[in-house]
Amino acid sequence: MGDAVVEIEPDKISNDKNSVDNTDEKNTIDPHNGEAITKMGISPNGEYLVTYSENDSSIVSWNVRDEGLLRPGPSKKLYPGEIPDQIGVSDKNKRAFITNSREIEIYDMMNNNQKILLDVHYKRFLYYYFTFNSEGELILYARRFGSYFIFVYSTKTKNNKWKYKRMYKIPDYFSLISISKYNKLYLFSNNSIYEHNLNTEKSIKIFTSNEKIFDYKRSIFDIIQSDIKIFSNEEFICIRIKNKIIIYSIESEIPIASLDINDGVRLCNFMHHDGLIPLLLPLLSNSNIWDRLKEEYPTESFPNDIQTTTNYAFGILDGQIRKLKLGELFTKMKLTFKNSKEFVEDGYAFNVNKKIDNPYMEILPAVFQKVIDQEKYKEESSRNLIIWEINLNENKLELQVFKKINVSSQWSKLDLICEKVVELWCSGTELLWNELYNINEIIVLTSYGLFIFHFNENNESISLNYYYGGIMDYNKKQSLEGYKMMFSKPTLPLPNDSSFRVCDEWISSIIESKENFSKYGDELLKYGINNSELRLIKEICDKQIKNNEKLLLKYGVKLLTLAIKKHDIELMEVIYKNCMDYFKKDFGNNRMFLGIIASTMSLLNKYYPEYISRYSSDSTMVLNSFYNNIKYENSNLHLHSFQYPSIVNLTQSIWWLKYTIFISEFKDDHIIIYWMLNVFHVLIILPILPIYFATFYILSKYHFIYGFDEYLSLYHAVIEIFKDYYYTDPTTPTITFMNPYVKFVNYPQGYNWFKELILPQSSPFVEIISKDIYKTWNGESLINFKWNKYGKYYYSIIWFGFMLLLGCFTAAATIPQQYTDNNIQKQLLVASIILGFIHLSFEVRQFIHNPIKWIRNFWNLFDLMSFILPIYTSIYWLQTNNRNVQSISFTCLFLDIKFLLFFRVFESFESSFSFDEYTNNTDSNNPWNIAPTYHQVFDNGTVNSNPYMIQPPNKNTNMFVDFGTSIFAMYKFLTGDSSALSNWTYKDDPSLVILIVLFSLLVVVYLMNLFIGLLNNAIEQDNNRVSYLIQKAEILVEIELFYLLPHQRRWNAWFPDVIYYYADAGKTRRKIKELINEGEFKTNEFSKLEQTLFDELKIQHNSRDPVDVDTMRQILKENYERNSNSQDSVDEATLQKVLKENPSVDETTLRKILIEYLSHKASK
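Going by this note's numbering, the first residue of the sequence shown is number 97, and it counts up by one from there.
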């Protein structure tokens, strides 16, 4: 058969045929020459579909814009042995496939199957997966030397190549499941599934299974291929793990349903009621629903990896592709599902407040039109045997339902079945119209809103199913026309505030009915929060929140905030307990409930600080997973914090990758020259080896280079050799914990960039600094994460900036004139002014942000003086050319104090004076000027101003000209000897007096009291640690608010929702025993979490409730009466018995009770 080419227009398939290689003639009957289709793939937005036939070794493209049987497009014949492992197509008909040799092939179907290359292609990469995203980019998953990478390429063709855009490294112990068209990676590790967003770099855990998924008998690749599948959209993620399906809500960030693959009724309910057909259908292979699908479509062939779009599914009919509407497919299958009410009553509804269908779309506009036309109102409406009577008396809407015996009989008041009275909290209400929708439902239009009532024949009652409040005056035609248009739409408008304000019956009908609450509860709760209706909120919490996880997650922060501000302790306790109960129910998946409490920490700390301590105790040591939490590491990673998973962005290492590719290719083509150049390379580097390794270490640390091929660079080769030589088996067992302060460090996403520079918004971490948080491992790991991510780098930059200020001013002030030029001195003073204003600007921003807090912090005064004094002194010096020694002294003093304060974050001199040669100057510190002098007195009583005799100074005259004697002078001053300062006249040196006073206050009083406190053990070691962490937290707060830019405070890599940390297993065991002994570890709480933790650490503990004092006394009494031979034996037997049966009993307390009992017995 001759080869042919088919030219494709962007919007249609042409029938022109031209001759090219590797292409088959398009056959509308047998696209794969009659052979079966093996694989399918569809473009991200459903524009094109591609199929592969293994028997025919061909790939065919299909345009899916038509319906029914699709027309095949161009095809490509593959080379012998070239078997695609995966196929796919872009929305621009660019076809790609990964071969069985792990290479990627890309062809442009719109340009005669022209082959497309990647501009960064390393032949040593093995490709395992790819996808096209909705932005038209190609995302590749590749492996090299046991490491896995993600590559993102633009699909804009230039010079027949696609350009590289981004690159990421997948962490060890993580395996890729799939990549969605929304740029999200789905990864598997340790029985958990994670999602990583490539755009925002946000990583979250979406599901942890309490059943083991991993099987050591099978490879992880086989497990993922056969047992795990994921499909997602912008609202939900549907996961199939073996025979279980999990539905995860992206908005709520929790799994909201877990379904068995063969539970057809529940699956159909979710597919029907919540629009999940496109996501769930591809997951239902080998299930009851799948069997039903094949029964209804016996001529269709649905592959296990069936392709779906939002509205369509694609099946195979005699080698052709058929496009089926999902709605018609679902209807034709005649699947069984419950109606909306039954579904909600069974507790399966989760997507509250979706748009409410309007079944009254035809009748409601007619009702409004009749009122507009001012037709005469009728009080009765009847159909068949049912008669409704509606009256309005004093703002009370009265409804009565009567039932006649037969059609011909007359009805009377005796036929009354039921009645209902609805009280309206508004005056002047009028009835405008009523209309029967059917015999059981009636529409009542009043001047204050539209009612829809339902008559239940089974229990003979009337219920209010819908109410929309608003002023509807028949005299206001324009207003009624607007309502008419509103109720003509396919969906009913959601109730407004007037609906709840006017009609209590409507509120009750929503709260009491699960079906109504699933529709309108969202609006009702918003109304209650906005209007601070605490009674209403309590009723909702009592009857609905307990069974509505999503609603609690959506409004929990607002509810708890309102309860705190209104000082409603009962409501606070309900919300707190519900959050903790949901978390205890499934600690692996319900971590977001902790975020409700953590987000309101600042208010709790302000009004109810005891809740901080309670939460800290309740959330101690939260495990990351149900299984395999202990790992063995080479180094001590105790309290090392990290984000999970830690996807490394290697985009900036693109040039290094290109260099690696070039060197690799050069090595393969010119091996001898390569080794000669390598030797020359080593000889050049040897003289600068330390600088070379330091430079490469920094570049590697910040991912400007990466060891794609370790032995192509000297640095990576040496590192690998040392790793192999010094490598030892991991010996330190570490356990992974989740930090329970969920969303504690997050800032509001909405912000104004310029406003944030002046008045930055806060996070809970910024607003609360409590010792109850930082006395725990959770608090310390939180500080470690922030410090290692950005804190230490910014702190170093701030310190370096201050040292520039200190250096410039000190150099200008202290370097003698003979060693420096006057212009240089002026430049140093100008630099001091500029640097001083820069530092001062940050101090001013802190004051503006919170003036009261700034004033209360004593150390801020030192910061302020250390910036103002250099500015003032430098300006004064430049303006007057007068070197004010006193001003310079104070400036240097405060600069030095500020310099010393920088050390809070961490756990030789020569005199210019001659003692042997007289120096005549005006310097008050000159020893010759402060030495004792003798003056001549004339006969007239006047004194000669020039000294008659001068006592030569010695080294003790001014002890401060030498560093060693100055320290000794200060020591003498500490002991009370101030002789070293007696040579100065205090009245003439006020600055010296101020310095002496400051020194006395700061050094003598403060330091001596500190030493006394330390010697007396007044400050415990733990409290010292807590104080240190609190101080570090304050530094981090200052960095976040005033040094980070607004967009940096929203980086997910620096401010993640959830933080994890390692803990040494041995230290964890000791810590648990310590907490149990201190009573801070509540063994009767988190039973499932506690048991898992104890199992991991091999800790044996009986968590039964402790025995109370009365019970212990009774046990002691019984033992004493049974064993009266020896008092000692009674004592020991009783103790051993109680301690054995009740491990939680404190032995000291038990002995005390025993002694009291025996003393009481002896006194009798």
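In short, the hints are calculated from the structure, not lab data.
Fair warning: there could be bad hints in the mix.
[Claimed, not checked] With a cut-off of at most 20 Å between alpha-carbon atoms, the simulated EDC-like pairs for lysine to aspartate or glutamate come out as follows:
{"#": "1", "residue 1": "211", "residue 2": "199"}
{"#": "2", "residue 1": "888", "residue 2": "1130"}
{"#": "3", "residue 1": "338", "residue 2": "359"}
{"#": "4", "residue 1": "265", "residue 2": "297"}
{"#": "5", "residue 1": "797", "residue 2": "761"}
Just so it is clear, the structure is predicted and the values come from calculations on it, not from any experiment.
**Item:** Structure versus earlier hints - violations, ascending order
**Value:** Structure breaks hint 5 only.
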